[in-house]
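K.L.:
Read top to bottom, the protein sequences are chains H and G. Position 183 of the first sequence, counting from 1, maps to 183 under the numbering used here, and the rest follow consecutively. Position 266 of the second sequence, counting from 1, maps to 266 under the numbering used here, and the rest follow consecutively.
What you were told as hints is all true, and nothing was included just to trick you.
Since the list can't tell identical chains apart, any single copy or any two copies may satisfy a pair.
Computed list of lysine-lysine pairs in DSBU-like fashion (alpha-carbon distance at most 35 Å, straight line):
id, residue 1, residue 2
1, Lys256, Lys13
2, Lys47, Lys68
3, Lys300, Lys13
4, Lys193, Lys144
5, Lys256, Lys5
6, Lys68, Lys300
7, Lys256, Lys300
8, Lys5, Lys68
9, Lys144, Lys47
10, Lys193, Lys303
11, Lys193, Lys68
12, Lys193, Lys47
13, Lys47, Lys25
14, Lys5, Lys300
15, Lys68, Lys303
16, Lys144, Lys25
17, Lys303, Lys256
18, Lys144, Lys68
Calculated directly from the structure, the hints in this document are not laboratory data.
Spelled out from the first residue to the last, the chains are:
Number of protein chains: 2
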Amino acid sequence: MRQGKNVIVFENKPSVIAWASVVGKKEGEGPLGSGFDMIIDDATAGKDTWEQAESDLQKTSIAILLDKAGVSDTQIDAVYAGDLLNQCSGAGFGLRGYEIPFSGVYGACSTSVLSMINAAIGVNSGAFNKAVSSTSSHFCSAEKQFRYPLEYGGQRTPTSQWTVTGAGSALVSNNTGNYPRIEKAILGKIVDKGVTDANNMGAAMAPAAAQTIYEFLTDTNTTPENYDLILTGDLGMVGTSLLYELLENEYGIDIKSVHNDSGLMMYDLEEQDVHAGGSGCACCGTVLCSKILNELNSGKLNKVLVVATGALLSTVSSFQGESIPSIAHGVLLTSGRADDE
Amino acid sequence: MRQGKNVIVFENKPSVIAWASVVGKKEGEGPLGSGFDMIIDDATAGKDTWEQAESDLQKTSIAILLDKAGVSDTQIDAVYAGDLLNQCSGAGFGLRGYEIPFSGVYGACSTSVLSMINAAIGVNSGAFNKAVSSTSSHFCSAEKQFRYPLEYGGQRTPTSQWTVTGAGSALVSNNTGNYPRIEKAILGKIVDKGVTDANNMGAAMAPAAAQTIYEFLTDTNTTPENYDLILTGDLGMVGTSLLYELLENEYGIDIKSVHNDSGLMMYDLEEQDVHAGGSGCACCGTVLCSKILNELNSGKLNKVLVVATGALLSTVSSFQGESIPSIAHGVLLTSGRADDE
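Bound-form chain H, shown alone (with noise of 0.2 Å):
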């Protein structure tokens, strides 16, 4: 069922009933680190490279999820899910062993709330009983395959952000218990405002996030007080002082009051040397499949929009000259305990 132009409404409200989030070592040591279900403390999570790390943090990600839920991978019609690797590695290898139908998606840094997009579209429609969204990223296969080498000491800049370690999963269902549920959902539309800086991530996402935030409080007829949390994925400092100054701007909206951003959540941004925050797919994943949706459990929050952010683009992209297209997908979650609207 649509609403207006953008939204997506999910009539039958399939609820996330089971969500883990398994993160590195300097995560745990952030402000959130008391939420998550799994602090890795070595960085290999005991395995020979950053790649096979990465798939097992997301692999270990569904394996808590499992357990949490009281299901087996057979009981699961399907995961989305995918990473930032090349060809989406982390999620092809990660999810290897598991006997779960795998729909492969690539939204960049938006894939942990992409993934859930579908699992609930295909959960709202009866495609699906049960179906999982997952994601993951690290910090130094990030880094090896969109900047340098970590032995090379490279200088970042101000205005980069630093990858999260981690892997953030979720199970929807149609199992309509006292969960918290996905109300709605907005696909977003690739925004490229001509932004060539790969290391100011957050200034290519900006204008994304602005454009689907905006359609979809005007297609769902709301404004930024109808939310407890407008949570946007990783735009970090320099991406959300942009969100605030586009969205007054340009749409005459003010979401200060409301917002947040997994990237600024994440790390302590004084004492942590992450410069302008925290990024990845696991960013905005671990946040939501931690404190999010705890707190939406336990009815602290009753009804938050979550807004991640993507930036389209391949080092040979970067290479080429190319600007960096951008995308924003958001979702509705509720308490499950409220009507919304």
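Since the structure of chain H is provided, determine the placement of chain G on it from the hints.
P.N.:
The following block gives chain G in isolation, referenced to the frame of chain H:
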């Protein structure tokens, strides 16, 4: 709605109301040449780089698609699209400029069918009224990324396949006129039998195809004779003979009389020097979005099971000695004229 353990049933029978294919010169000279909507003689498509050329193919195929359907981009509720390039940049850059909500898909060479399944789930459920599935590949961008720069002139092994240059797009709609219909689908599970030879994709993918075909036939209680055609994606010569062997020896199923493979159909294997056949996302994508949908539309074909296969490797995973996880997704298309079963 589900049938058996693995099959999704589209009770609202979403239709494919338009389809479009664009291919390169070599593909245009093959046996299917006359069925494609456009053949580009210049492999660069007038662009500066192979990657830009590939994006342009995808862009063009959607432009033709929208034109054939007589709709504008703003009337489309979602596009599911992906490709083989790092960070799915063929789709990300190809779709930039269209005002269509974009859900990125990664399924390697299974992307054509995986995208169509996701579009169909959304349309069947009412989340979308119209959704596009699209995919592309390009011989030159794929060789550069996965194997050797063309300038190097490397020898290709006998088991290697030729990546199809092209793009195929389909428009899935809830308009249940006299169009080919998407009746059922099956999402595949990851299968990895330990094949490590990145120049023998057919062997890596055949077990996934066998499993998906077996599960689909079992869950729908059908036999190969119930289909006019069982079309696999890009197994080529090596993978096709392995598929026959696996299906007969492990599952007691003989599909030979109704089977064909896009990788065997695309080129004249005697004359066009493509070794084991065609491959790439666009292999199944363009065969499906030309000959197959044309013949379903005309009623020459009534019931076709399309099973596209993907090898979920990356160059990094191969260099690290990993085997090749593979997957096969299936979709049941009917002419829309005959009842199913």
